[in-house]
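Based on the hints, put chain B in the right spot on chain A.
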Amino acid sequence: MTCEECEQLLLDSRNCFSYKGWIPGVSVLNLARSHAQSCPACTAKMSEIAEMNDALDQLRLSTRHTEAPPAVEMNLVAKFHKGIRARTPSVATTFPWRWVWGPAAVLLLVAAGFVLYSTLKPRSPIAVHTGGGEQEHLAQRQLSRVPSGATAGGIGIEDHLSNADRIVTASPGGDVAKVGKPGHEQMRRFPLPVGDQLSLNGGSRVVRVRLSLSSLVAVGVPVSPDVSDRRVTADVMMDPFGAVVAIRLVQVETSMN
Amino acid sequence: MATVILEPFRRARAIPSINELGCLPEMDANDTGLEEDGKLLQLMIAGEERGFVSLYRRYQSRVYRFSLQISGIRHVAEEVTQETFLALIHAPHKYRTERGPLLLYLFGIARNLAWKNARRDRLFAALDDHRELPVFYVPDLANDLARKKQVLQVRHAILSLPRKYREVIVLCCLQELSYEQAATVVGSSIGTVRSRMHRAKQLLLRKLEEGRLTQAAAGNSSVLRCGL
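Same order as they appear, the protein sequences are chains A and B.
Heads up: take any position in the first sequence, counting from 1, add 13, and you land on this note's numbering.
Heads up: take any position in the second sequence, counting from 1, add 47, and you land on this note's numbering.
Chain B with its partners taken away, still in its complex shape:
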């Protein structure tokens, strides 16, 4: 029986890079991006509106999407986004470049605000029917109802996950951060993020299965009703 090494090994040069594989993260976390962020931040601190506006336009969509994916409520996501950038306006000196890209810092603020909001309003205690799910625009799949339904199921399943699993799924799968970056945002070790990610996917699978079974049961009952 062959011994299987479950630990991943270092990627060889011959293997195409992540960018080449087509799963390029949106965030530009290289040195140029950091330098540019630093310059824009300096401009913002100096009172230049263009510095702040550039930073906002650069990161607002990521922060807003992250908040929306965590909370599932549009107005909460708007509030969290606004508060996140307000925190940057009020205390720009708190951001340290050596801690990582500005986006991770903003994600950290947004995460704290989102959970604070959740504790305050107790909206995320259980997934209910009042949750507003964002309208998706999938041009090439506009008519694919099955896929739409599948996406909505995943969305519901993610929102029903416990907090610690939900945030790693959102950060790693939807925001395309690495484990290292996600660990920076969450404030834990890479190993913790890795194990949470594994557990989160297991839970997600189970919930999707449950959803499928529920739908099948509902379909059967409707068929029976129609038959009657």
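Pulled out of the complex, with its shape left as it was, chain A reads as follows:
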């Protein structure tokens, strides 16, 4: 055994607790000790190592009862309670807001879509039935005379129903509509709340529709309730945006059937 090997063995020999389940063999230690007895340098080294190990043991034993000051525990307990309070907040703050944002956004989008739709949709529920070139020209010709009869609140329409069997009469401000005898050509004006001169200037189109008299109420024509079940054929003038600006009655049927 060399002196280096002896020193290595002696240094590691005290680590009996340092390597779980392993210690240097007794025979190997005996060899090292026997070498140290015969070698003066290793004897000195052995005593130094023993002294160091003894000092380490003394140091370990001397600090065995050293503890942290009580103030540390007090601080930590206080911080523990603080941390617990921070980890368990009140019910109001634990409400899962992140689950609310999604539905709220969807609801907002639906509401915005509804508002947009109601703003942009056509204001007249009248379905388009027919539309014709000659009739459109006729309507435009008739409407060319409108300005003379325009009222302050809307547009007056001079309606010459030469071919109509029935005539609807109405006063500009009144709400009475009566069915007259055929052959009585009269000038009738139907003030409508919708439409204006600008929309007329911007272009329009005329369509022929068949609808009940009661539906005329929706576009502002005053109709007597007792004839509201009749159906009527009318030319409807619409502005470029689809809003009804004028109506000309063409034919009034006697009954719904």
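Restraint-style ranges between C-beta atoms, simulated for each label pair:
| # | chain 1 | residue 1 | chain 2 | residue 2 | range |
| --- | --- | --- | --- | --- | --- |
| 1 | B | Arg210 | A | Met87 | 27 to 33 Å |
| 2 | B | Thr144 | A | Leu129 | 55 to 61 Å |
| 3 | A | Pro53 | B | Arg166 | 42 to 48 Å |
Hint data in this document are derived by calculation from the structure and do not stem from the laboratory.
Note that the coordinates shown come from a computational prediction; the quantities given were computed from them, not determined experimentally.
Quick reminder that beta carbons are idealized off the backbone N, C-alpha and C, glycines included.
Okay, now just chain B, sitting in the frame of chain A:
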């Protein structure tokens, strides 16, 4: 010439166990201890003060001593101990039982904090006279001045060791951890810990020798001064 096997061999059953040899580690690292730690940790997570207090009282002295032995400064050791347990309070879920006993986890935190503190304050760059060494209580050796002096010398020598050697000496010799446990704390292999331990003891021996020579020289000079 006989061939010497330097590698240790497996301890036979006839050889007394470590506990029987009288070098029983303080730490209870068996399954019961782990279970108890787990229960206390669960209590602590549930917000029970007694869970935390039990854990603290169980391990505070080990953590504090370890910090003190690493840093050598009392207030640093207090700070490190406090921060270690604060880390446990703030993130108890980071501890995994399969990684080992809770004490090793706490040692790992304390080690990191101690070195972080050292880097910040640059207090451990060199051993100086301002270092506060703890007051030792050795009842049976109260009057043994020579032994006291020897212990202080060892203490100084340990504190003057480089970081990687100091921590293995503290863990294995003063905290009585096995190489395996020390490797867990340090985050290296068992072989690395073993070689560092050997090197650390060599350095310690050299420093103690130097200290002895310095003292002898100082004694000689004082004798000479007295003679003059």
